[in-house]
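Student: Sequences are here, hints too, so could you generate the full structure?
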Amino acid sequence: MVVDSFRYLPRTFRPLYEGRGPFPGEEESVWTPFEKRLAQSRIALLTSAGMYLKSSQAPFDLEREQTNPEWGDPSWRAIPVASTAGEIGVAHLHINDEDLLADPEIALPMNLLGELAVEGVIGGTVAEHLSVMGFQDRSLRDWHDRTAPELVAHLRREAADGLILAPA
Amino acid sequence: MPVLARWIEAAGIPTVTVTMMPSVAEERLAPRIVGVEFPFGHAFGMPHDGPMQRRTLELALRVLAGASRTGTRVDLDLEWPVPVREAYRAWQPKEPSPIVRKMLESRKGS
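Sequences listed follow chains A and V, in order. Each step along the first sequence adds one to the number in the numbering used here, with nothing skipped, and position 68 is 68. Numbers given in the numbering used here equal positions in the second sequence, counted from 1, plus 1000.
EDC-like, lysine to aspartate or glutamate: derived pairs with alpha carbons at most 20 Å apart:
1) V:K1094 / A:E63
2) V:K1094 / A:D97
3) A:K54 / A:D97
4) V:K1102 / A:E70
5) V:K1102 / A:D137
6) A:K54 / A:E87
7) V:K1094 / A:D99
8) A:K54 / A:E98
9) A:K36 / A:E119
10) V:K1108 / V:E1095
11) V:K1102 / A:D61
Simulated from the structure, these hints should not be mistaken for lab results.
Tutor: Spelled out as structure tokens, the structure:
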């Protein structure tokens, strides 16, 4: 079965995504081999659903996006594995957040990944997973210059062997 | 997001991107891709459906650890259990996003 990539995308948006080729400056392939066994590996998750901790973190900046519709908050949040659904907020103007708030696992399956660690399928998980807000300025300059290096530094501190990214 | 995956991969951390637009991730040269035919916001499946989320996550782990070359794409053979029209409406925000509002306004004005 081959997934229809545009099944849920409004037709008017399709030309924004289809047939555009590589991102400018990103025409070469990249590859880092996964060398360990999964059962000895520490795995991290990253969601772009704009999740944040309501009690201790600022939401992604939606007010600025309201006044500047081409801009999206390029910052990131660390989400501790023990965070519960009630502690997680969603700041993302491009999706309905009802299901995400009811069950954050649909975008950031931290509990499920923890279960797989207990079962020995993977070696373990990082202590804090990652969250960004997926709607970004087309150039992705802030993500490239600041966010990506910070995410990499976090993953290295956590000794992550692999990352599962899930766009919202 | 496929571009973010590339930057992290290039820094030495293997990645897999679980996405509802796998052909776009392929065009953007994401290193490993799992395609899901799920509505936006639901990369791992239906809320509170543990078995469905587990099948998605396990496939992501298999592709992360087992893909032998860059550009590997494996699609998940699972059907969304809600009729497509209903699911199409349900994933969208209650208010149009600022950029969509701007597009609609400029269309009206032209």
